[in-house]
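**Q** Below are the chains, spelled out letter by letter.
2 protein chains.
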Amino acid sequence: MPVNTIAIEVLNVSFTENQLTIDWGDGRKSQLAAIWLRDHCQMPESRDPISGQRLLNITDIPNDIHIAHVEQNNDMLTIDFAPESHQSEFSLCWLLDNCYCLNRQADDRSETGKKLWLKSTFATQLPRCHYHRFCDSADSKRFALQSFKDFGFVILDDVPCHEGEVLNVIKQFGFVRETNYGPLFEVRTKVDANNLAFTNLGLGCHLDNPYRDPVPGIQLLHCLQSSTTGGESILQDGFMAASILRDENPQHFETLCQQWINYRFQDANTDLHSRVPMFEVNEKNEIIKVRYNNRSIGSLNIDPDQVTKFYAAYRHYAQIIERESLQVMFKLNPGELMMFDNTRIMHARRAYSKGGVRHLQGAYSDLDGLYSTLSTLKQH
Amino acid sequence: MPVNTIAIEVLNVSFTENQLTIDWGDGRKSQLAAIWLRDHCQMPESRDPISGQRLLNITDIPNDIHIAHVEQNNDMLTIDFAPESHQSEFSLCWLLDNCYCLNRQADDRSETGKKLWLKSTFATQLPRCHYHRFCDSADSKRFALQSFKDFGFVILDDVPCHEGEVLNVIKQFGFVRETNYGPLFEVRTKVDANNLAFTNLGLGCHLDNPYRDPVPGIQLLHCLQSSTTGGESILQDGFMAASILRDENPQHFETLCQQWINYRFQDANTDLHSRVPMFEVNEKNEIIKVRYNNRSIGSLNIDPDQVTKFYAAYRHYAQIIERESLQVMFKLNPGELMMFDNTRIMHARRAYSKGGVRHLQGAYSDLDGLYSTLSTLKQH
Chain A
190 MPVNTIAIEV
200 LNVSFTENQL
210 TIDWGDGRKS
220 QLAAIWLRDH
230 CQMPESRDPI
240 SGQRLLNITD
250 IPNDIHIAHV
260 EQNNDMLTID
270 FAPESHQSEF
280 SLCWLLDNCY
290 CLNRQADDRS
300 ETGKKLWLKS
310 TFATQLPRCH
320 YHRFCDSADS
330 KRFALQSFKD
340 FGFVILDDVP
350 CHEGEVLNVI
360 KQFGFVRETN
370 YGPLFEVRTK
380 VDANNLAFTN
390 LGLGCHLDNP
400 YRDPVPGIQL
410 LHCLQSSTTG
420 GESILQDGFM
430 AASILRDENP
440 QHFETLCQQW
450 INYRFQDANT
460 DLHSRVPMFE
470 VNEKNEIIKV
480 RYNNRSIGSL
490 NIDPDQVTKF
500 YAAYRHYAQI
510 IERESLQVMF
520 KLNPGELMMF
530 DNTRIMHARR
540 AYSKGGVRHL
550 QGAYSDLDGL
560 YSTLSTLKQH
Chain B
190 MPVNTIAIEV
200 LNVSFTENQL
210 TIDWGDGRKS
220 QLAAIWLRDH
230 CQMPESRDPI
240 SGQRLLNITD
250 IPNDIHIAHV
260 EQNNDMLTID
270 FAPESHQSEF
280 SLCWLLDNCY
290 CLNRQADDRS
300 ETGKKLWLKS
310 TFATQLPRCH
320 YHRFCDSADS
330 KRFALQSFKD
340 FGFVILDDVP
350 CHEGEVLNVI
360 KQFGFVRETN
370 YGPLFEVRTK
380 VDANNLAFTN
390 LGLGCHLDNP
400 YRDPVPGIQL
410 LHCLQSSTTG
420 GESILQDGFM
430 AASILRDENP
440 QHFETLCQQW
450 INYRFQDANT
460 DLHSRVPMFE
470 VNEKNEIIKV
480 RYNNRSIGSL
490 NIDPDQVTKF
500 YAAYRHYAQI
510 IERESLQVMF
520 KLNPGELMMF
530 DNTRIMHARR
540 AYSKGGVRHL
550 QGAYSDLDGL
560 YSTLSTLKQH
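For the record, the sequence lines run as chains A and B. When we follow the working numbering, the leftmost residue of the first sequence carries the number 190, and every step to the right adds one. When we follow the working numbering, the leftmost residue of the second sequence carries the number 190, and every step to the right adds one.
For the record, the hints were derived by calculation from the structure and aren't laboratory data. A hint or two may mislead.
Pairs involving identical chains hold if they fit within one copy or between any two copies, as the list cannot separate such chains.
[To be verified] No farther apart than 20 Å at their CA atoms in a straight line, the calculated lysine to aspartate or glutamate pairs in the EDC-like style are these:
no., residue 1, residue 2
1, Lys-338, Asp-460
2, Lys-473, Glu-443
3, Lys-360, Asp-460
4, Lys-498, Asp-249
5, Lys-379, Glu-234
6, Lys-498, Glu-469
7, Lys-338, Asp-328
8, Lys-498, Asp-253
9, Lys-498, Asp-237
Whenever a hint applies, use it, and build me the whole structure from the sequences.
**A** Rendered as structure tokens:
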């Protein structure tokens with residue numbers, strides 16, 4: 190977060206009943222509504238000093254709240270509100286840092302806060318970090334988690350090839366999301382597998398578990414053994430693919446934002462359904478989440494007049510996803526662990542031979558825990 | 190799910206290149222696009238017979254796919270596709286059950302699949318279930334989980350007053366969502382609490398953790414001890430409150446759907462942010478999720494010309510939430526556990542005395558696991 194500096198000698202404070210105006214003297218101006226100021230009062234009767242949580246409810250504030258008086262004393266403003274006779278003190282620094290006229294509306298899930306990538310972005314190397322550094326050095330962990338946030342993935346090297354180690358990796362930044370597959374799941378060829386992931390078939394680019402709501406935000410895959418031929422991993426940026434679709438055909442992009450579809454997974458003990466769009470966007474139409482998994486789209490139940498339109502958009506996106514220029518391919522070797530944002534980064538696997546052994550352990554986690562850890566590391 | 194019956198003797202099948210038409214002979218008609226039929230092929234080369242997952246990608250299907258021939262044989266249709274020479278067999282029952290012209294677009298999160306309630310809905314009793322029946326009887330568990338789905342909450346009685354039992358309750362239907370508060374959290378008065386929940390203050394109606402994305406879908410609160418004066422629990426239906434807002438002022442409802450805001454929670458080891466709307470709706474503008482917590486709205490960073498509009502809508506919703514006609518109030522006694530949909534049901538607590546002991550243990554889970562368990566119980 191950039192540090193805002195203020196020059197008290199040049200700024201100018203004025204007010205009307207409904208609004209406080211601060212001319213910062215450098216071309217910037219804040220105009221803050223009386224209701225917003227009262228609602229953001231930082232005094233101990235309005236905010237709990239320990240937790241920082243609001244103690245007042247919006248309905249505790251009179252509907253006709255207004256500013257009665259403002260007084261500046263160095264870097265502090267004292268505001269008297271009426272008709273309740275309440276006094277709030279704000280530091281000018283706080284007002285500058287929190288002013289809704291001047292600060293970005295931060296949305297850490299949106300495409301605008303990420304570095305969208307193509308295969309060529311990683312011509313020299315992929316984002317990687319040694320696991321022991323990840324565990325022992327705050328700087329290394331911050332670097333790795335920032336790579337994850339920017340690019341949506343990072344590879345950890347030299348993760349001990351112990352069964353269950355993937356769960357220890359998660360404890361380094363967040364919490365395990367257990368599912369019907371267990372706290373972790375084994376990826377190796379199974380007889381009568383309940384999911385194609387557990388066969389030796391190739392799998393096209395996809396995101397995991399779109400039939401789950403909420404979808405797990407992070408997937409980790411830890412390679413314990415790999416002596417098969419084939420089985421290479423492919424990653425690609427679903428946000429980049431969606432942004433290319435938007436460039437090539439805005440109507441197709443719109444369709445995948447607006448058409449909700451059913452995903453489903455079913456076995457003897459599980460029956461998961463969701464109804465969600467392929468692309469989620471925020472209020473500024475920025476991409477914040479993609480869901481794409483051809484294997485687990487349920488029976489498509491959409492309005493009859495939308496069927497042709499939906500398939501055209503879906504096909505177009507699938508074609509973009511298959512472009513080699515979007516895909517990085519590498520073989521995950523024993524001791525390597527890839528972790529990726531399962532709301533953004535698609536993964537695929539090439540088919541592998543029946544001879545030899547390929548054994549990965551996978552697990553899920555959530556983005557909020559990782560982002561919290563990264564944010565805390567940045568503050569220290 | 191209603192069982193569809195078909196009368197083979199009266200139905201009529203016809204086709205064009207682009208569409209299959211089935212007149213079911215009872216006034217119902219299905220018109221199914223060639224691309225949809227090919228994409229939903231149930232043959233073993235298109236669908237894995239064990240997992241039911243699709244083996245083909247949309248890009249494997251020619252863009253000019255069309256129907257070359259259809260043949261009916263009792264309750265089976267054989268469809269020949271061109272230009273790929275592919276043959277699919279569908280049972281007429283399957284087509285009727287999955288036809289997008291005739292079946293509801295199921296969204297189990299939407300208000301339309303719920304029973305929205307007021308205080309008067311529970312004039313005689315709240316939805317309750319004895320815990321030992323919940324564990325031992327599939328019918329009782331189905332009843333309790335269906336109450337949860339319909340009303341958004343259920344109370345379990347006679348849950349053993351053992352520390353940690355709340356985690357065993359979750360194992361009965363799903364999985365624990367661990368957070369920075371731990372796998373479970375203690376609700377009792379703490380010195381220097383990092384969250385107002387852990388004080389003896391009253392708490393207004395709210396949903397938990399809107400600063401977390403994804404938000405935990407289920408909260409459980411298990412009462413172990415209660416000898417204080419006060420501390421009554423209040424529940425109320427946030428979907429009902431939102432639907433009342435929509436009736437009273439559609440523009441206010443729209444504002445809370447469209448205006449995204451920041452929520453935040455911060456302590457020494459945690460820094461959680463989200464940017465989300467108060468109301469989420471699906472593509473039909475049906476409510477699917479509410480987020481409301483006055484304590485943890487971050488610095489409101491919205492477009493300056495939206496501030497007044499937002500506060501008017503927010504205040505209106507807060508006023509509806511405070512209406513007694515929407516609130517059920519009861520005292521949670523030792524051995525009672527309430528579980529509620531944290532995307533819908535607001536909870537509140539009245540302040541309690543410093544004398545006496547009040548000790549609850551709480552934990553979070555997710556809706557998908559519970560809905561899956563309910564769906565599986567209904568099938569058996």
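**Q** Does each hint fit the structure? Answer for all of them.
**A** Each hint, compared with the structure:
For the identical chains of this complex, Lys-338 and Asp-460 are inter-copy neighbours only, at 15 Å across copies versus 32 Å inside a copy, given an alpha-carbon limit of 20 Å. Within a single copy, Lys-473 and Glu-443 get their C-alpha atoms as close as 13 Å, and across copies as close as 15 Å, so both meet the 20 Å cut-off. For a Cα distance limit of 20 Å, the shortest separation of Lys-360 from Asp-460 across copies, 16 Å, qualifies, whereas the shortest one inside one copy, 29 Å, does not. For the identical chains of this complex, Lys-498 and Asp-249 are inter-copy neighbours only, at 18 Å across copies versus 50 Å inside a copy, given an alpha-carbon limit of 20 Å.
In this assembly of identical chains, the alpha carbons of Lys-379 and Glu-234 lie at most 20 Å apart only when taken from different copies (19 Å versus 61 Å within one copy). Taking identical chains as interchangeable, the C-alpha atoms of Lys-498 and Glu-469 lie at most 20 Å apart only when both belong to the same chain, with a minimum of 18 Å there against 25 Å between chains. Taking CA atoms no more than 20 Å apart as the test, Lys-338 paired with Asp-328 passes inside one copy only; the shortest distance there is 15 Å, against 46 Å between copies. In this assembly of identical chains, Lys-498 and Asp-253 lie within 20 Å of each other by CA distance solely across copies; the values are 14 Å between and 50 Å within a copy.
Proximity of Lys-498 and Asp-237 under a CA criterion of 20 Å is satisfied in neither setting, with 53 Å inside one chain copy and 27 Å between copies.
Hint compliance for this structure: hint 9 alone is broken.
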